[in-house]
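Chemist: Sequence:
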Amino acid sequence: MKKYLIIAITCFTITSVGLSKNSLKTYKAEPVFSKLLENEGIESYKIPTFLVRYALSFSDTREIIPLLQGTHSIKFATSNNGDKDNKLIYNKICNNLDLSNYQNLISVVDAKSNISIKALFDNEYIREVVIIIYDEDALTAISMTGKINPKNIVNSINKLNKPKPDNI
9 MKKYLIIAIT
19 CFTITSVGLS
29 KNSLKTYKAE
39 PVFSKLLENE
49 GIESYKIPTF
59 LVRYALSFSD
69 TREIIPLLQG
79 THSIKFATSN
89 NGDKDNKLIY
99 NKICNNLDLS
109 NYQNLISVVD
119 AKSNISIKAL
129 FDNEYIREVV
139 IIIYDEDALT
149 AISMTGKINP
159 KNIVNSINKL
169 NKPKPDNI
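Position 9 of the sequence shown, counted from 1, bears residue number 17 in our numbering, the numbering being contiguous throughout.
No lab work stands behind these hints: they were computed from the structure.
There is no bait here: all hints are sound.
Keeping only pairs whose Cα atoms sit at most 27 Å apart, straight-line, the calculated DSS-like set for lysine-lysine is:
no.: 1; residue 1: K43; residue 2: K95
no.: 2; residue 1: K159; residue 2: K54
no.: 3; residue 1: K95; residue 2: K83
Sequences are here, hints too, so could you generate the full structure?
Modeler: If you want it as structure tokens, here you go:
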């Protein structure tokens, strides 16, 4: 009897551990931005992060290089094709990102353009930052994936916002 009880408890424990491990995989959000672009017929191009850092190091925008810390890949997509309704695509992508657990960091809407910055959080890190820009007839999207620490972004923005001393 004792032997059967030990076997039953062991089987129950193995089953419980297996179910709990599978449930974690099921509920973990995955970056979906590339798939959304693909569904809309927009091609995205993966640019290595080191190449972006290298290009920025020679320009006046080198202050934004720390924003790329923790970024593994950058994808860029643009659509200025007159065949597509880019405003409709912009709205559809934003809605699908919201449904996929992306958090809206900022949205700017004016007469000629819409800009949305959304992030997919994984505990205390950001897995993906998506910047979508709709400007009249063009749609531009940038995705940065990796293990991005929000504190690094805040520190970089604070450094960028500090007034620079005037060179006399």
